[in-house]
Every structure is written in C-alpha cells, then in structure tokens.
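Residue numbering for the sequence shown is 126 to 622, as defined by the numbering used here.
If you are wondering where the hints come from, they were derived from the structure by calculation, not from laboratory data. Warning: the hint list may mix true and false statements.
[As the list claims (entries may be wrong)] No farther apart than 27 Å at their CA atoms in a straight line, the calculated lysine-lysine pairs in the DSS-like style are these:
{"no.": "1", "residue 1": "Lys156", "residue 2": "Lys178"}
{"no.": "2", "residue 1": "Lys159", "residue 2": "Lys573"}
{"no.": "3", "residue 1": "Lys557", "residue 2": "Lys156"}
[To be verified] So the derived label-pair ranges between C-beta atoms look like this:
{"no.": "4", "residue 1": "Gly175", "residue 2": "Ala153", "range": "21 to 27 Å"}
{"no.": "5", "residue 1": "Asn599", "residue 2": "Thr274", "range": "34 to 40 Å"}
{"no.": "6", "residue 1": "Thr205", "residue 2": "Leu146", "range": "26 to 32 Å"}
{"no.": "7", "residue 1": "Asn599", "residue 2": "Phe232", "range": "39 to 45 Å"}
Glycine is no exception: its CB is placed at the ideal position from the N, C-alpha and C atoms.
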Amino acid sequence: MGESATVGTLQTFKAVADNPLTRNILKALSKNCKVDGANRLDVALELYVGSRKDACFSCRLSRRVLSPILSVARRGFGITREQLNEKFKDPYWRRGLVNVIKGIAWFGVRRPYVPGAPFQVVWNITRACNLKCLHCYESAGIKGADELTTEEAMRGIDILADAGVLILAFSGGEPTIRPDILQLIQHASDRGMFTAVATNAVLFSSRRKVREFKKAGLQFAQISLDGIDPKTHDLFRGVPGTFQKTVEGIRNCVAEGLFVEMATTGTRYNVDEIPALIDFAANLGVNWFMLYNFVPTGRGSDIIESDLTPDEREHVLKICWNKMKGGGVDVLSTAPQFARIAQEVEARPAFAGDAAVVASAAAGEEPHVMPTHFYNPKLSGELARLADFIGGCGAGRFYLSLEPNGDIFPCVFFPHDETMKVGNLFKDDFEKVWRHSKLFWEIRDKDKLKENCGSCQYRYTCGGCRARAYNYFNDVLAPDPGCVLNRTFWQQLKENH
Numbered sequence: 126m127g128e129s130a131t132v133g134t135l136q137t138f139k140a141v142a143d144n145p146l147t148r149n150i151l152k153a154l155s156k157n158c159k160v161d162g163a164n165r166l167d168v169a170l171e172l173y174v175g176s177r178k179d180a181c182f183s184c185r186l187s188r189r190v191l192s193p194i195l196s197v198a199r200r201g202f203g204i205t206r207e208q209l210n211e212k213f214k215d216p217y218w219r220r221g222l223v224n225v226i227k228g229i230a231w232f233g234v235r236r237p238y239v240p241g242a243p244f245q246v247v248w249n250i251t252r253a254c255n256l257k258c259l260h261c262y263e264s265a266g267i268k269g270a271d272e273l274t275t276e277e278a279m280r281g282i283d284i285l286a287d288a289g290v291l292i293l294a295f296s297g298g299e300p301t302i303r304p305d306i307l308q309l310i311q312h313a314s315d316r317g318m319f320t321a322v323a324t325n326a327v328l329f330s331s332r333r334k335v336r337e338f339k340k341a342g343l344q345f346a347q348i349s350l351d352g353i354d355p356k357t358h359d360l361f362r363g364v365p366g367t368f369q370k371t372v373e374g375i376r377n378c379v380a381e382g383l384f385v386e387m388a389t390t391g392t393r394y395n396v397d398e399i400p401a402l403i404d405f406a407a408n409l410g411v412n413w414f415m416l417y418n419f420v421p422t423g424r425g426s427d428i429i430e431s432d433l434t435p436d437e438r439e440h441v442l443k444i445c446w447n448k449m450k451g452g453g454v455d456v457l458s459t460a461p462q463f464a465r466i467a468q469e470v471e472a473r474p475a476f477a478g479d480a481a482v483v484a485s486a487a488a489g490e491e492p493h494v495m496p497t498h499f500y501n502p503k504l505s506g507e508l509a510r511l512a513d514f515i516g517g518c519g520a521g522r523f524y525l526s527l528e529p530n531g532d533i534f535p536c537v538f539f540p541h542d543e544t545m546k547v548g549n550l551f552k553d554d555f556e557k558v559w560r561h562s563k564l565f566w567e568i569r570d571k572d573k574l575k576e577n578c579g580s581c582q583y584r585y586t587c588g589g590c591r592a593r594a595y596n597y598f599n600d601v602l603a604p605d606p607g608c609v610l611n612r613t614f615w616q617q618l619k620e621n622h
C-alpha cells in the first residue's frame, strides 16, 4: 500500500471511529451479556477470530457491527485478517482489544490514548513487609488497621474484572506474606486477569513456594535488586543477607517459567552498578530489566539527596539503551525520558506521525523500538504513529494504584493523602471514576503541561513523570526536574534547599 493510500485509510478509520454514531454503537456493545456470560465485545471478538462458534442473537449482531470497524483498522495498520485472527485468539490480547474499543467508545481517538479501563492496576494489598527499604513509597512495615478481609478483597477483584482491567499486580508492602495472597491470585486469574506480584523475592528463595504461586495462577514476578554488590542491596533493603535470598528467588522464578522482571531504582547510591546489574539480569535469564525513577515520596522523601541529577539520569538511560541494543535483556524504564533518548540516539523524528517515519518505512528500514512504561514495542510503517498515542507517563491513563483499603490513586508514587485520592473501590463507581476524575484528566492532557514540558516536542512520547513533578513542585502539571531539558528547574531546587 502506498503512503498516501495508507494515510488515507488511517484518516478513514479515525473518521469512522470518532463518529458519534459509531461511538454510541460501541458503547452499547460494551455491556455485559447475561446469556453468554461475558462482555458483548469480547463475545463478538471470539466469533470474529473463530474462538467461539455460537452466541446469542445480540452478540452475533455485535459481531456483524464490529467486523467492518476492525477491517478498516487492520488495513490502516497493514495487518492481514490472518495475523489479526492469530493474535486475538489469545484471551489476554482479546481482552486488551476490548479495552481499546471501549476507550474509543467513551473518549474517541485521542493523543495520548485513554483506554476504556486501566490496562493495569497495581494494588498495594498490604502495608506489612519483612524488609525496611530506604526508598519505600508506602513506608511499609506493619499491617494497616484498615486492610481488607479476604472476602472484601475478592469483591474488589470482581469489580476490577467487570470493568475490563487486563493486568492485576499485587504489591505492598510485601504481597507474598499476606496470608490469603494465593486465594487472591487464584481469584484474579479465574476472572481472566493477567496476574503479577511486585516482590522482594525473599519468600521465593524457596522453589516450592514459587511453584505454589504459579499453580495459583501467578504469571509475572517483578523482583527488586538494587545493587550488584550485596552491601549496596542490603543497605537499600534494611536487612542484612537479603541479597542472597533475592537472587535465589530470581533464579527460582526463572526456573519455574514465570515471566521475570528484575527491577532497580536508580539513585546516587547505586548508579555506578546499573550497567553490571543489566548484565547480571541477562545472565540470570530474566525477561526484562526495569530501571525505576527515584521519586521522593514515602520513606524516599528522607533520602531526597540521593536523586540523580538530570545529567546523571541522561547518562544512565543512554547506557540502558545501548545495553538493550546490544542484546541480552530487554530494558525498560519508568523514566519517560527513555523514549526521547531512543528517538534522539536513533535519529528518529520527534513526532511519530511525521512524514519522515512513513518515508523511512517505505524505504524498507527495520522497525524501531519505542520505550513505554509497560513494554518496548517495535513499531514500523504506519504502526510508528502509535508512539504518540501510547507513549509518555501512564499514571491515571494506562494504569492506577489502589491502597490496602481500596483507595484509588493515579500511581503508587503519588502521596497517599486526600489531595491525590480520586475515590475508593468500594464507596465509588470504579468505572465512573476512571471516566470522569478531574485529576486523571489533568494528567492525561499533555497539552496542559507547564513549561518546559508543555512546549517540548517530545511531550506525547515523554511528557515527564507526573509523580516527580508533584512531589517536587506540588503540581501535577509542573516540569519533571529530572530531565536535561529542565536543568534550570533542577538548579532552582538545589538553590532553594
């Protein structure tokens, strides 16, 4: 397909998808079907890809309505019917597509894109913890008095599943020491969600324990390792001997076939060890290495001086990019500047929709990686246009966080106070909070950002970390002081302190 024809098809898709009639139809199709026991869109997709042979009349009609919209979309992005069918036979991909379609129904085709429900919810399921981490956003240690019972937590899982949440990640505190965690993982898995834990992996130093979690339905383990030197890691974690148990936990999770992400929070304490940590992750056989932005919240506010300067962050992110390009392990980062660095290093245009992208694709260039919070998609041709829609800070847009009592926040790194709280899972309508929260819409709109982020040519693929902006300036729209393009703001902060 030629450039003009492809662009024309994409414009046709946007015109069709943004049409009020189409969106109203899609809203009607987004409801649950009592006869078939699932969301009508999901049933329609099962019929479309051949995973389901029969359904009620309304769901069969939904399939007929959905079919031409999907056809326009796949042609616009150069995907064959066979490729689409194969991909969406996977129930998780199908659930994700339902979420995308619901987002179009409720919000239209926006830049950046907002799905119909958060793709991921990080639930700090307990404040109890067996370690005393210096940078803990939750200030964890002792179980909270307001933590949910098993029955309440199970009901919360049902609310999330019914809303269409794709991934449920249990965090804390330390989620693996909550007595009923296996029940909660099992229930989330039974409800069709991809289940994950963010853990220190001390409990996983027992391979038998890893098997128990996997049997319950656990699929993904994010494991924190903050230094290649055991002394560095143990200093971060506040308990001697933790390094050895954590490494053994990583090995056990890899051996049992879980998807494993090794996570490190970059600070002045460990910045020199990060290259070796990436190599170590590759040698351990993990799937991903995640470099977390340090955010001065929770106990982290006590070590604010350990934050990297903009130039230090820039340097380590470039190392991360070069390590990933060299092979070994896929590297991700919650620092949204990672996407800008990828574009600059690879000499890509600032906006993925630029004609240069289309021209480079037409010339047969290899797909290029566009880092995001969740994964690093390889985008080529017209798919490169997706970078502006999926990139940047995902807080309140692709994910949100829950506290142990069900309070809802944009991200785990926002202060857990009434100012940043947008609702409660049990006291408010979860789907209405997602659609109408004033704070969420402030964070989602990259054109509202203040300088320098607001005028930056990378605001859609980066846009700065909103949690860092808030914790430094008490303003979610303020510039992220960790970026080299915002050095002036970083210098002002240092002068004021």
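**Asked** Within 27 Å, alpha carbon to alpha carbon, are Lys557 and Lys156?
**Response** Since the Cα atoms of Lys557 and Lys156 sit roughly 14 Å apart, the hinted pair holds (cutoff 27 Å).
**Prompt:** So the hint says 39 to 45 Å: do the beta-carbon atoms of Asn599 and Phe232 match that?
**Reply:** violated, 28 Å
**Asked** Is Lys156 within 27 Å of Lys178, Cα to Cα?
**Response** Answer holds: Lys156 to Lys178 is near 20 Å, not above 27 Å.
**Prompt:** When you take the CB atoms of Thr205 and Leu146, is the distance between them in 26 to 32 Å?
**Reply:** holds, 28 Å
**Prompt:** How does the Cβ-Cβ distance of Asn599 and Thr274 compare with 34 to 40 Å: does it lie in that range?
**Reply:** At roughly 35 Å between Cβ atoms, Thr274 and Asn599 fall inside 34 to 40 Å, so the hint holds.
**Prompt:** Within 27 Å, alpha carbon to alpha carbon, are Lys159 and Lys573?
**Reply:** violated, 41 Å
**Prompt:** Honestly, do Gly175 and Ala153 meet the 21 to 27 Å range at C-beta?
**Reply:** holds, 24 Å
Checked against the numbered hints listed earlier, the structure breaks hints 2, 7; every other hint is satisfied.
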